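**Q** In case you want the letters, here they are:
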Amino acid sequence: MVDIPAVPLTLEGSAVLHQMFRIRRTAWRALDADSKERILEAALLALTRLEHGAKEGHPNQTAFFSQVGHKGDLMVLHFRDTIEDLHRAELAIAQLELSDYLEPTHSYLSAVELGLYESSAKTYGALAEKGLVPYTPEWNAGTAEVIARQSAAMSPRLFPEIPSSQYLCFYPMDRKRGENKNWYEVSMAERQRMMHEHGMIGRRYADCVRQIISGSIGFDDWEWGVDLFADDANVFKKLIYEMRFDEVSAVYALFGSFYIGLRIPAAALQEILVGNLP
Amino acid sequence: MVDIPAVPLTLEGSAVLHQMFRIRRTAWRALDADSKERILEAALLALTRLEHGAKEGHPNQTAFFSQVGHKGDLMVLHFRDTIEDLHRAELAIAQLELSDYLEPTHSYLSAVELGLYESSAKTYGALAEKGLVPYTPEWNAGTAEVIARQSAAMSPRLFPEIPSSQYLCFYPMDRKRGENKNWYEVSMAERQRMMHEHGMIGRRYADCVRQIISGSIGFDDWEWGVDLFADDANVFKKLIYEMRFDEVSAVYALFGSFYIGLRIPAAALQEILVGNLP
Amino acid sequence: MVDIPAVPLTLEGSAVLHQMFRIRRTAWRALDADSKERILEAALLALTRLEHGAKEGHPNQTAFFSQVGHKGDLMVLHFRDTIEDLHRAELAIAQLELSDYLEPTHSYLSAVELGLYESSAKTYGALAEKGLVPYTPEWNAGTAEVIARQSAAMSPRLFPEIPSSQYLCFYPMDRKRGENKNWYEVSMAERQRMMHEHGMIGRRYADCVRQIISGSIGFDDWEWGVDLFADDANVFKKLIYEMRFDEVSAVYALFGSFYIGLRIPAAALQEILVGNLP
Amino acid sequence: MVDIPAVPLTLEGSAVLHQMFRIRRTAWRALDADSKERILEAALLALTRLEHGAKEGHPNQTAFFSQVGHKGDLMVLHFRDTIEDLHRAELAIAQLELSDYLEPTHSYLSAVELGLYESSAKTYGALAEKGLVPYTPEWNAGTAEVIARQSAAMSPRLFPEIPSSQYLCFYPMDRKRGENKNWYEVSMAERQRMMHEHGMIGRRYADCVRQIISGSIGFDDWEWGVDLFADDANVFKKLIYEMRFDEVSAVYALFGSFYIGLRIPAAALQEILVGNLP
Amino acid sequence: MVDIPAVPLTLEGSAVLHQMFRIRRTAWRALDADSKERILEAALLALTRLEHGAKEGHPNQTAFFSQVGHKGDLMVLHFRDTIEDLHRAELAIAQLELSDYLEPTHSYLSAVELGLYESSAKTYGALAEKGLVPYTPEWNAGTAEVIARQSAAMSPRLFPEIPSSQYLCFYPMDRKRGENKNWYEVSMAERQRMMHEHGMIGRRYADCVRQIISGSIGFDDWEWGVDLFADDANVFKKLIYEMRFDEVSAVYALFGSFYIGLRIPAAALQEILVGNLP
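Chains as they are written, first to last, in our numbering: chain A, 1 to 278; chain B, 1 to 278; chain C, 1 to 278; chain D, 1 to 278; chain E, 1 to 278.
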């Protein structure tokens with residue numbers, strides 16, 4: 001019998017960077033009015049350009065959030081076609097005089113990801129029935145064809161617009177690799193079943209939460225990043241609490257820090273610097 | 001047989017923000033008397049307004065505490081109807097010139113929560129007897145009705161006034177998700193039993209400690225926040241030590257850092273800045 | 001049969017605060033002689049007053065230690081009757097101009113504690129024989145009587161003078177709550193046996209080490225604080241190493257950071273600021 | 001029967017230092033043009049010299065990367081024949097006036113390493129057949145001969161040029177030493193089998209990723225460092241995700257932080273300081 | 001049968017302090033030549049005196065190392081007869097104006113230690129055969145006699161000179177106290193066997209590595225400190241990797257951070273401050 005890979009096929013889309021900054025309000029307050037005006041004018045020009053970053057048919061947007069709590073004051077969320085583009089967006093902020101008043105407190109690098117558990121099972125099965133051995137050129141061609149087809153079909157989800165909801169909840173997470181409970185030792189069929197049940201919960205919240213999953217294995221310190229967008233912040237709590245009881249989360253999920261922000265337009269920068277929420 | 005959800009029904013109330021600040025006393029000492037007066041006058045006006053935040057029939061208060069130890073000097077505790085209101089209260093402090101003398105050391109975001117283990121068991125049972133399948137529109141209507149009724153009945157506990165006790169003890173906590181001992185794999189009946197026993201201990205302390213539980217799944221880095229208010233600080237130690245032996249705490253509780261403060265009125269700000277306790 | 005509580009009776013005494021400071025020697029060196037003199041004069045007056053804090057028959061002392069290593073330069077140890085008194089002592093330092101030259105690096109809040117394993121077993125047994133149910137008014141009266149009697153008898157140990165030894169070793173600790181080895185699931189008889197054996201080792205060192213145990217559940221980030229006082233620092237190492245092999249430490253003890261200081265009088269402050277050990 | 005060592009033979013090559021710096025752009029922006037020019041001129045001379053470090057037939061190169069995210073802005077990667085040479089390269093940067101504008105955020109010290117699992121098995125077997133006892137002079141001579149021969153044959157991999165790919169991914173890792181799953185208790189034959197399977201995955205990515213493994217046991221806080229070089233950053237994610245399912249990674253790998261950078265020539269320094277990507 | 005202690009006899013020698021400093025090169029570069037000369041002159045006098053600290057027949061030395069990587073730039077290693085002497089050496093540096101240019105990043109306090117597993121087994125056995133009960137005055141006299149005799153015999157190893165090798169590798173370590181694998185629950189005979197095997201590996205490296213073990217239970221945050229001295233840094237990696245497979249390390253060792261430095265004379269201070277390696 002032909003061996004079947006344990007690794008599900010995965011689609012990659014936008015590269016994603018979360019940046020968290022503390023605003024140096026003491027230093028900003030100390031500035032004279034002319035300097036503030038000069039700095040803001042340059043910043044608004046640059047940030048507004050980043051906000052509307054459409055390129056090659058993909059949204060390539062940047063969004064701004066006023067953060068709650070001490071983890072930061074301003075969260076910037078970039079989606080770009082490549083990490084190089086992402087880094088250019090990051091540097092476009094770093095080169096502003098405004099950055100003298102922004103102290104980086106955290107960041108997170110990832111790439112929008114769709115894990116194709118169901119397609120993978122079908123594809124691997126079909127290729128195995130044809131007698132193709134994994135990772136031979138013929139087998140690779142078969143999976144590449146699936147990835148290409150699905151990437152095209154999923155393009156709006158792989159290169160998404162940033163939802164316009166009032167609240168953002170971001171957190172990174174891992175799958176547990178404990179001595180006894182180890183996600184990466186679970187069979188693909190079992191993982192597929194658990195991910196399906198997990199997805200069912202999300203679907204019940206589909207009308208009040210938009211979710212974007214990005215993968216960060218090889219890019220940052222956790223395996224995945226989760227962005228939730230909603231107009232009622234309590235649904236973050238309800239959704240994640242409910243999910244905590246499904247098998248894949250209860251047993252295999254490890255969570256990092258949680259970051260909450262309220263969406264603001266780049267144009268509200270001046271208000272945020274002094275401590276007003278538009 | 002109809003499947004019954006593992007997730008207890010939960011009521012949400014006030015959004016809660018704890019802010020911890022180190023006072024930059026060296027910089028404050030270096031200020032001339034006029035500047036101190038100007039800064040204090042503006043601060044007192046704003047902080048007093050935050051203190052008495054009543055809105056739409058809910059207290060929406062802010063309270064101030066002088067913190068013991070190096071984790072901070074001033075703890076500010078806000079209760080508001082929404083996270084947006086909470087963030088506006090946070091920014092009302094950030095925009096003060098006084099904030100040049102306050103360095104954020106920590107914060108914690110959560111929402112007052114009442115977990116309805118007993119009602120959930122009854123409601124889920126009753127709905128199951130009617131043959132309703134969880135998460136169908138009829139079932140959702142049944143639980144929504146319970147939540148609405150209980151929220152109205154519990155309103156003073158969901159949107160509480162801040163107790164006026166001398167001491168505050170705040171700490172965050174998690175339920176353990178170990179490889180063998182995992183709260184989220186325990187049956188609801190077992191969890192209900194353990195939470196009931198846990199509540200019995202709290203009840204014995206009801207005359208000397210006021211407790212407010214807030215949920216922070218999806219909001220901050222632990223699952224719950226606990227605020228204890230008492231006039232004799234030793235009861236914090238006695239209560240939590242006693243609870244550590246009940247099953248739900250002994251086996252399933254993980255604790256974060258503990259923060260202890262002494263209640264002060266906003267009007268005492270001037271004293272606290274120089275290092276006096278009124 | 002009447003159920004017996006798992007929680008041992010506990011006596012509380014002095015509230016205890018450890019403060020660790022880094023001395024800003026660069027800034028101190030940069031001061032002119034007049035400023036140094038002014039700052040020292042005010043500081044010596046205040047610190048000497050804290051040192052001799054006798055109040056209501058209890059010592060209520062503060063002691064100063066020159067710390068070894070990078071964790072801090074000056075350790076201040078306060079014993080007071082209440083946390084409010086402790087906080088006033090803390091603020092008495094914070095309000096000094098001297099504090100511009102002291103950077104807090106750590107602190108620890110606790111309360112002197114005597115765990116009455118042996119009395120608890122006897123008392124609980126005797127009350128059970130009388131058929132009293134735990135936490136009924138009669139039972140509470142019975143334990144309250146024991147606590148009152150023992151507190152009076154143990155008063156010098158509950159409100160201790162600070163031993164005058166040359167060296168202090170302070171560390172916080174927890175009892176393990178692992179998935180299999182969990183102190184809070186061990187029967188009281190077993191815990192009593194282990195604590196007794198543990199105490200036997202301490203007794204062998206009684207002539208060269210003074211030990212003060214304080215509880216910090218609900219007050220700070222570990223469950224207990226341990227202060228050891230000795231004139232030969234090597235006995236700290238010998239004692240703790242030997243204890244590491246007794247069952248309660250080997251299996252159930254978790255240790256935090258260790259802090260070592262050499263006792264200095266408040267009057268030696270000037271020497272310590274420039275880097276001399278009197 | 002002769003006992004066979006559990007330790008595989010290992011070849012060491014270049015000493016490797018990763019340095020991560022935050023660029024103090026605020027201070028740089030505040031400099032006058034003349035100072036910038038003076039500092040850059042001296043820096044470019046020194047960094048270009050480090051870049052092309054050929055010595056005694058080995059490349060001995062240094063490469064520069066613009067880092068994505070808050071972990072640093074500039075990553076410097078040095079390969080040198082000895083740690084002393086490496087430290088001289090590190091100090092050559094530290095002594096530049098440019099270093100006033102570079103704040104070290106992290107570093108990692110290691111040495112290029114090739115673990116000879118297959119050769120070791122053969123060599124240990126052959127020496128055992130000759131009846132040689134491990135660590136006797138004859139046995140040592142036998143393994144020394146293998147190491148010398150392989151070191152010569154592998155010289156280009158032991159003292160590698162730095163690949164010129166656009167992206168670098170660096171992370172440190174450990175082998176797990178859990179209570180039940182402990183790499184160092186696994187038999188050499190089993191380890192050899194798992195490492196072989198692990199290597200097969202890497203081989204499938206050979207045309208799009210260059211991998212350099214360095215050992216850091218005794219040098220830094222993890223056991224190994226991994227450098228991946230590629231022109232398409234998504235292959236880092238794909239490769240490491242795929243490997244996470246092979247036995248040696250799923251069960252025995254622990255990962256540290258991940259660092260991502262884009263290759264820049266030393267000559268691009270001026271651009272990077274102001275926040276441009278050439 | 002007489003019970004035998006689980007605790008091996010241990011000899012203590014020099015108190016040891018490792019200090020790690022970051023050099024504030026930016027501030028140093030900004031100094032005028034006269035100030036540099038004044039500061040260096042005073043520092044060299046003091047540091048050279050510390051370097052050659054012979055007292056009461058013991059070397060009592062201090063050595064200086066230029067550190068590789070971001071953990072610090074200057075490592076200072078003191079051996080003294082007592083912690084008080086050690087603290088005086090520490091303060092002798094703190095009181096220098098040079099210390100304005102040295103930022104402490106880490107330190108480690110310990111005492112040279114020789115664990116007498118083999119002697120303990122013999123001694124405990126012999127005392128048991130005489131029917132002596134542990135910790136009785138007679139038994140104590142018996143072990144005290146062994147300790148006194150061995151301390152005299154081992155004096156050069158207990159109060160060692162600092163080896164003059166080019167490289168130093170320092171790291172702290174613990175013995176594991178896991179739920180199943182717990183060093184402190186292993187019988188003394190088993191521990192003695194494992195420590196003996198462990199020592200055999202060290203012996204094979206005796207001609208190229210000098211090792212000094214110090215105990216830090218009760219003094220600092222790990223149980224032991226290990227200093228390795230060698231002229232070829234790769235032997236640190238080889239030795240520690242090889243040891244990782246022996247039972248005591250594979251199963252029971254936990255390692256802290258690793259610190260690598262190159263030996264420099266105090267006289268090289270001026271060079272190190274500007275970033276040269278003599």
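These aren't lab readings, by the way, just hints derived from the structure by calculation.
Any given hint could be a false lead.
Remember, identical chains collapse to one label, so a pair may be satisfied in a single copy or spanning two.
Distance condition first, Cα-Cα at most 30 Å in a straight line; then the derived DSSO-like pairs of lysine-lysine [unchecked claim]:
| no. | residue 1 | residue 2 |
| --- | --- | --- |
| 1 | Lys176 | Lys36 |
| 2 | Lys238 | Lys130 |
| 3 | Lys238 | Lys176 |
| 4 | Lys176 | Lys130 |
| 5 | Lys238 | Lys181 |
| 6 | Lys181 | Lys55 |
Computed from a predicted structure; not experimentally measured.
**Q** Evaluate lysine 181 and lysine 55 at a C-alpha cut-off of 30 Å and name the case that applies: within, between, both or neither.
**A** Answer is neither; intra-copy 44 Å and inter-copy 49 Å both fail.
**Q** Between the shortest in-copy and the shortest cross-copy C-alpha distance, which are at most 30 Å for lysine 238 and lysine 181: within, between, both, or neither?
**A** both (26 Å within a copy, 23 Å between copies)
**Q** For lysine 238 vs lysine 130, is the C-alpha pair at or below 30 Å within one copy, between two copies, both, or neither?
**A** Answer is between; shortest inter-copy Cα gap is 25 Å, intra-copy 46 Å.
**Q** For the identical chains here, do lysine 176 and lysine 36 meet the 30 Å Cα criterion within one copy, between copies, both, or neither?
**A** Neither: 48 Å inside a copy, 49 Å across copies.
**Q** Between lysine 238 and lysine 176, at a C-alpha cutoff of 30 Å, which is it: within one copy, between copies, both, or neither?
**A** both (23 Å within a copy, 19 Å between copies)
**Q** Could you place lysine 176 and lysine 130 in one of the four classes (within, between, both, neither) given a Cα distance threshold of 30 Å?
**A** neither (35 Å within a copy, 39 Å between copies)
Comparing the model with each earlier hint shows violations of hints 1, 4, 6; every other hint is respected.
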